[in-house]
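**Q** Single-letter residue listing:
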Amino acid sequence: MTRFQTLCLAICVWMLGTNLSLWAQKNGIELSGIVTDNRGELLPGVAVYFHETRTGAYTDSAGGFLIRNIKPGTYHLHLDGLGYHSQSRTISISKSMTDLHFTLIPSELKTSEVVIESESDKRALQESSQTFSIVDRTYLEEYSTGNLVNTLERLPGVNAIRTGVGISKPVIRGMSFNRVLVVENGIRQEGQQWGADHGLEIDEQQADRVEILRGPGAVQHGGDAIGGVVVIRQAPLPSSQHWQGSATLTTRTLNDLRGGHFMAAANTGGIAWRIRGGQRTYADYRVPADRFLYNRYVLPIYEGRLKNTAGKEENLSVTTGLQRTWGNTEVFFSRFHQEAGFFSGAFGIPRAISLNPDGNFRNIQLPRQVTTHTKVSSHSNILLRKNWLEIDAGYQRNDRREEALPHTQGVMGNSNLALNLILETWSANLKYHHQVKEKLSFIYGGSGQYQNNSIGGFEHLLPAYQSFNGGAFAFSQYKPHPDWVWNMGLRYDGGEVKIAKAETVQRNMAGVVTDTMIRNLESHRIFANVSGSGGFAWKPSDFWSFKANLSSDFRFPTVAELAANGVHHGTFRHVQGNRFLSPERGLQGDLAAEYKHRKIRVSLSPFYGHFFNYIYLSPSGRFSTLPEAGQIFSYMESPARFIGGEMEWEFSPWKPWHFTTALEYVNGTNRFTGIPLPFMPPANALVEVRWEKNNLSRCMNRLYLTGSLQAYADQRLTDRNEPPTPGYTLYHLGGGIHVKVGGQEVRLMVQVQNLSNRPYLNHLSRYRMLEIPEPGRNLVFTLNVPLKGNFHSKEKGIVN
Amino acid sequence: MKILKFIMTLILTLMVSLFIGCNKECEDCPGQPPSADVTKPVISVAEPVNDQSITTGDSIHLRASVTDDRELGQFKVDIHSAEDGHAHGKSNGAAPFFEFSKIVTLTGVTSNQDFYIPIPRESAAGKYHLILTALDKAGNEAEFKEVDLYLTNPEDTAAPTITIVYPNFTATELEANFAAGQDTIQLVLQGTLTDTKGGTTPGDLYGYEITFTEEGTHAHKVSGEEHHEPVYSISNFNLDGSIHNLQVMLILRKADLKNETEYKLAVVAVDRKNNRNKREVKYHVHM
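Residue numbers (this note's numbering), protein chains in the order written: chain A, 1 to 800; chain B, 1001 to 1287.
I should point out that these hints are in silico values taken from the structure, not numbers from a laboratory.
Model, not experiment: these values are computed from the prediction.
A portion of the hints provided could be inaccurate.
[Stated by the list, open to error] In silico contact screen, one side only, chain A against chain B (beta carbon under 7 Å); selected entries:
no. : residue
1   : Arg209
2   : Ser620
3   : Phe623
4   : Leu626
5   : Gln631
6   : Gly674
7   : Asn721
8   : Pro724
Heads up, the beta-carbon is just placed ideally off N, CA and C, and yes, glycines get one too.
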């Protein structure tokens, strides 16, 4: 903890330092002009702002805007107007400009309004050669599942590997674990991603915008970003002289969840801060079944609830920031704490005796998982001679505890701490955005990450280790013609890992060591890799756009893959690493075609990937000699192929109506055996009808209703010992209203998930092996009161 | 528009040919097995039979076979107590539970396993599970087979006798009535536990457990077992000799119980060889 305090202190001192050097720029450059639609109609209320500094203005009633105090440089100017396609354009400013004229194209499609540019590489989405999905706060709120990853599952190409209702990890195009990178505020989230029951440690409320890159992003993000990247961004801090606040209450009938969340933020003279906190507790969740089948045994589910699936979550985050004309800097602190019970029948072979009700649905008994993820990071954008330098630095500590009764024979002491993994990660990234000339731009960057993992508990799964990774890349964008954008990137990575020797002892009743078992030998591995990618985006008309991308990807094997050796109770498996694995390498290609008109958008994005040595857990054909374990599953490498695609269709024929369809399919095969890879999501479709109206009357700001259907096909393409999962269809309803009560807006949102209370099995659920049905009907109520205001109105019209 | 159609056609053709090309390339991949083994091995057990009784000191005769379409991998035998163990200590002279585990590596497509598993004479009596599992070389897991066994210890085959003087355990149902304003009821249990090793040889009592449990309102009888966590439980596993006078008081608290509900008061007595006996009586709780 002392190290932690020192770090906080250091950040405070640094913040003070930056505050003292207030670079007041009084006589800056000005930018002014008008915004019209394509028929020359002047548009009021359009946000015109710079992505880098997050400053700008709204157009007035005559469609005019004026932005003051700009430093010379290359900026990305964003234009957002309700009912129009958002725009992003690169603008080089060296002197004041007046008479600027921007034209917006009307759109009745919902997605057009939020699509701006990709957070990770600061490019307009239409200029990227890859496919992104972006969702904003409104989406996350209106489709909330109580868990960020599960909420994102609605998006094409995105699925979740889950354990009950509280723990989930993202799957993109059939890839998960260390193949999907999660980046929050510029820093990669590191928390033992290799484990199927290790969920993402990020508060759902903390995310303001989530950007999902489907496909590889290894060149810019480093290895691990093979399947996709999930970029999570917090809400921008309030603009100068403004304050914000909000209070949210949530309840869910499925698990009697009660949650509360608050936020307060302010900005005085360009120094901004925000504090956010929340707590939620939930009881054992309901399943539409009174029994489940496990290996010929019928086992009971008492009172329709899965015993010991209760949990609680406590989150806190603090953000401070400084916004100046030379750029901005933000410091984030967050702490995520989750305690989640594991279904009592899911540890070892389930027996009726462990399923008896204990008279309390809200208690979190053993076995359970306790996770605390603490993170401090900073993100800065600095204007250096017309170009932008981005700096990220962070420290995070992932403390993961699995608590269970010491059922292993001869374990001494009364500790219930079965497994404790503490992973500390220090990371830093540097990116320089260099606009060489109008048509050519470069991003040069480097990143480094140091990790230290320590272990504890009476069980052994993973050894202690230290690792270091570093990489450098160059990424170029060439725009020879307004319709064409070419992208190309090259990256070099090096890595080193030092794995400590691990041995465990067996003791008899008297505490005397009777047997010593070497779990893994000490090892030291060094890896290096060169990877690259290239592609184009072509927009031959206002309606059509095409993309193609080809990349060579890599991933250094994780320590779990190299040296794990122990029983993973939830999966009844003895997991064994292989210290001779080489870096995973593959070639992936993806295409995208999109047709976008005022009332319709259709997109198709097929992909294909070939891996020379795909690393995954395969049965070994040998039994484990450890107690409570079945077969040994070891990490093996094998050539593999991924093929699939997504299709999206959005249609808004009459003003308040929106129809959406998303289809996804993926097939992963081991090319040596011809057997499908494990944990492959089944083909599925989402169909949604939405009715939405804003500004209905003076006291009603918004009203929406949605109805959706999710259909999943059978999954018969399964790995050895992985049972096929039958298909199912789910229906959901939702609705919400934003009303003004005495000048104050109040938002009420209601959802009914799994309307028909259909029992079904989820192929990607860890409870699927036990044939435990997924959650039943769930009514979700969310009440949100947003507050905002300004201290005094000197600097009017500045937006985020 | 013409150029667009042309491009779309081009992309589609490219994709289709990519798919076909890739599938084709696979047919003559060198070193690739014609088709992978995904068939699970099958286990059949001839001996022991379910619910078979075996005397400790003797051996279990195991006869089983494992078959598969391709090369077999391993066969595993596991024997462990089927009791949850909380009413049986591991010290104080109690007989240890019998435990056995054996892994056999197999070859070929059929394997007959025929061997004897000796059971140490001092092992605890009671219900045991024998579990057979098998793998083939590719790692396909067979469905496991489970056999219930009952062990008897020849040194002591008699379970302790439970004589309850008060309350009346022969009644069909007793009542626990909370009067208005009454929050607790004192339930006194008196009786004797006696044990022999068979005939007149004095026995060796090990312990008892008294529980007060809600009756299965949820008529879930699952694989022959019905379970409910007791509301109250009192136990003592430090007994000695062949006779023990039982004098126990349970304090029933209104707050712990449900009105107009059936409960069960049960007494379990165990000797050092894990021979056990149980007496129980129904209680109707009225508040």
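**Q** Go through the numbered hints given earlier and state which of them the structure violates, listing their numbers in rising order.
**A** 1, 4 and 8
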